[in-house]
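Enquirer: Here's the letter readout for the chains.
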Amino acid sequence: MSAVPVLAVDNLSVEFRTRGGIVKALEQVTFSVNKGEMVAIVGESGSGKSVTAFTVMGILDAAGRVSQGTASFGGLDVLQASEAVMRDIRGREMSMIFQNPRVALNPIRRVGDQIADVLLQHGNVTRREAPKRAIEMLTRVRIPDPERRAKAYPFELSGGMCQRIMIAIALSCAPKLLIADEPTTGLDVTTQAAIMDLIAELGAEQGMSTLLITHDLGMAAEYCDQIVVMHAGHIVEMAPTAELFAHPRHPYTAKLIAATPKPTARLMDLAAIPGNLPDLRAAEIPPCRYSARCERRQSRCDQALPYVLGEQKGSMVACWNPL
Amino acid sequence: MTETLKHIRYVLTENPVTLFAFSLFGFILFCALFGPYLAPYDPLATNGAATLKPPSGAHWFGTDALGRDIFSRVLVATRLDLGIAFFSVVLTFAIGALAGIAAGFFGGWVDRVVGRLADTIMAFPLFVLAMGIVAALGNTVGNIVLATAIINTPLYARVARAEANIRRNAGFVEAARLSGNGEGRILLLQILPNILPILMVQCSLTMGYAILNAAGLSFIGLGIAPPTPEWGILVAEGAAYMISGEWWVALFPGLALMTAVFCFNLLGDGLRDIVDPRRRT
Amino acid sequence: MSEFFKKPLLDAQSLHKQFTVGKKPGLFAKAPKDWFRADRPVAKLHAVDDVTFTIGKGEVLGLVGESGCGKSTLVRLLTRLLDLTDGSIRLDGEEIGHLPAKGFGKSPYRPRIQMVFQDAGDSLNPRFTAFAAIADPIQRLKPLPRADLKLRVEALATMCGLPLELLGRFPHQLSGGQKARVGIARAIAVEPDLLILDEPTAALDVSVQVVILQLLEDLKKRLGMSYLFVSHDLNVVRLLCDRVMVMYLGRIVETGPAEEVFRNPAHPYTKALLSAIPHFDQVKGSGAPPVPRLRISGEPRSPIDPSPKVCRFYGRCPKGQDACTESMPLLHGVGLEHSAGHSVACHFPVSDTDRKTAAVSLIEDVA
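Chains as they are written, first to last, in the numbering used here: chain A, 619 to 941; chain B, 2 to 282; chain C, 128 to 494.
For reference, chain A alone in the conformation it holds in the complex (with noise of 0.2 Å):
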């Protein structure tokens, strides 16, 4: 693994103007996604994980803005970074695919058009030999019969298959990195486990890094390298996977994994997370996010939250009292 990362979020910080208030959706997020890394952001809803995502693609909501922070894509800061310039780094090479790919598709206009268009759009290809990269597109992410599948409309296909038809726009232009948030949602288990052996093997083969948002701490397990623990906005915990698994240092990644269905564990096995995120729009908010569900809270979780690095490269846990 090379030095410098693809992508290395420093110190990043998101605001959202609400009706409520100013809602601190990010505080002092840092993590870096390696060449050839499969990267995790684990968390529930109210997380940040997408949030962390749209920032760095650059297509946050018009009521965010990034107050503090750098996010550094292959040496060019991507928050700073003119949207003329953003245009054309997404798609070439920094690309996303979402967690409904039929709406992400644009419903009037044959898939293999729709894949020829972001082909032609980053400029590699002449028109006349579109289409057939198109068509070469379909059969990489295993679209049987691609000929005939290139000319059909994405409310024909199923939709694993559109999720099939988004991986081959997102990696039409060997991207570096590959942001797939939540891709597998909504999906059912077996086309689930179909994407992700795709993405994963796809990846491992361009030697692309890929930075995977979900919820789903299974997936993120089998799948991903480093796993990054979110909860409220912050980054509580991030580790090599085995690591996590094996010795989760923060209690809110014990609780998560213990919450988790296995297929060895009973009900009674399975721990509930008691209490809610702590609102964010409140001018105080503590420190750390999570001492107001803690077991494990003390007197000293009410000063500035500790970054205390692991022994393992890139391990790293936000907590006072750690396991």
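Here are the in silico distance ranges between beta carbons for each label pair:
| # | chain 1 | residue 1 | chain 2 | residue 2 | range |
| --- | --- | --- | --- | --- | --- |
| 1 | A | Glu902 | C | Gln300 | 20 to 28 Å |
| 2 | A | Val926 | B | Ile167 | 46 to 54 Å |
| 3 | C | Gly442 | A | Val622 | 43 to 51 Å |
Which stretches of chain C does chain A cover? Using the computed rule of at least three CB atoms under 8 Å from a CB of chain A, they are:
| # | segment |
| --- | --- |
| 4 | 339-349 |
| 5 | 359-369 |
| 6 | 387-400 |
| 7 | 422-428 |
Hints listed in this document are in silico derivations from the structure and should not be mistaken for laboratory results. Note that the structure is a prediction, hence the values are computed from the model and not measured. Quick reminder that beta carbons are idealized off the backbone N, C-alpha and C, glycines included.
Fit chains B and C to the supplied structure of chain A, relying on the hints for placement.
Expert: Relative to chain A, chains B and C alone:
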């Protein structure tokens, strides 16, 4: 209740256009209610000594060919124009919304009948249809209300149908069936309250149409008979003098008409923000 | 012997549901030769095809299947929101399958079968407070005087762990978990015998999911209800269920005691389903030996006018052979203890020897 008021205040302060529309609506409503008591002159009183006088301190909007005060006439006309529009919208709402919701919810033959009826009405040039209705039934205020209501009904029926149709198999409708609610109850107690806000917005928009339509009918002589003050008649009376340079006779009633229509169109957007519960968080 | 006399709570016999689908020729297509015949055969979508099962008193039956397999249609047949094409549904020995869905709300059986919906947000009317939502079935089906109604709703809310101060709120003011609790309180308000849970936790975060599942388990014990638990998440299904049924394209392909089916899946489809869920035994980089994974590819067959002879899984099935296209496999007992009720509809079920040698030919090794 206080929460609702807080929300209304928020929507009004958040969007100055909405605030402007609501203030304007308040002003128009005030004119409609109190206009006749505030008018400086009798709107019907002629004055041979002061015919076709341009706007002045005594006559703010000038006088017409018979020396009547145009300001008083425009002010007094507000009540009639608004009244016609209001009652026609109420009527349209009652027929169109119910028919549309039933069509969208039940589907099948109800949907086809309502759909074809709406198509039939829409197939006529609407204003000509209104003219026909008034000409056939007679030149009364009641018939103008009726004609205006009929031509607007398909718009409501379509909106209501579409909205009811998407909620037809919503989870809460199924849940209501499981709770033992009959189809009629579901229609009135579960679906209607959810569509009401959208229809309120539609009401505001059609108020504008209704005013224009009533004024249009009067303008061509079908509708309110002169000398009753009504914006359409006032514009019609003034039209003849435009060429000879007496612009004020037609301009001020025309402005009043335009302001009212404009106000109701703006109001629609503001209403949508107020009645949508999802915007309350 | 007592088993013999114990009647099941719900007895569904060969349920069928077909939907007519339009098969009109396109504008420029040649009209079929029999277009003038009024009895021209129309295409039928077989959503539920010959489904038979029972649910005992106090039992939890899991129904597993992917989208489009007909499990929602089956649920709507059982809740009597939809009319059967053919078959019989008996509740406590009394036939309710022939009662028309329209007007079932007035029948005395209505309160006895209730349901918790998949998306609690969508199943609550945005204009109803939590109190009104819970009170609605009571008012319609088991009316109470106003004061008693209030007490009853409050008791239900407490039972479902919903703070009483939230009863005045509208759905958009409640969190996902709270909405789920309102949905459950509403469903148990009229004391049903059979509660159908249609993916009750699919829209919830894991931390909330556990709480809701534990609540459901607790309510079952306290109120003695039977559950039909519908889900696509096998890890969740096995937490609550005594028995499971696996459905594929309208037919039950495997059924049996939950532990048995999960430990020794006999149908290739069940095996693929189990293989697809994350197991936590393969944490990347942990050095754990790779577990052989079965992946199925391709798309399901069309449910429109399917051949009655061809196995529905044929074409995606790694074990498919000519025999699978010659006769439809029917449910038959498998395993060592046939009496345990583990049955599978497959000509070539995954046998015990297969399991031991991990039949190399059909299992892709995804490392």
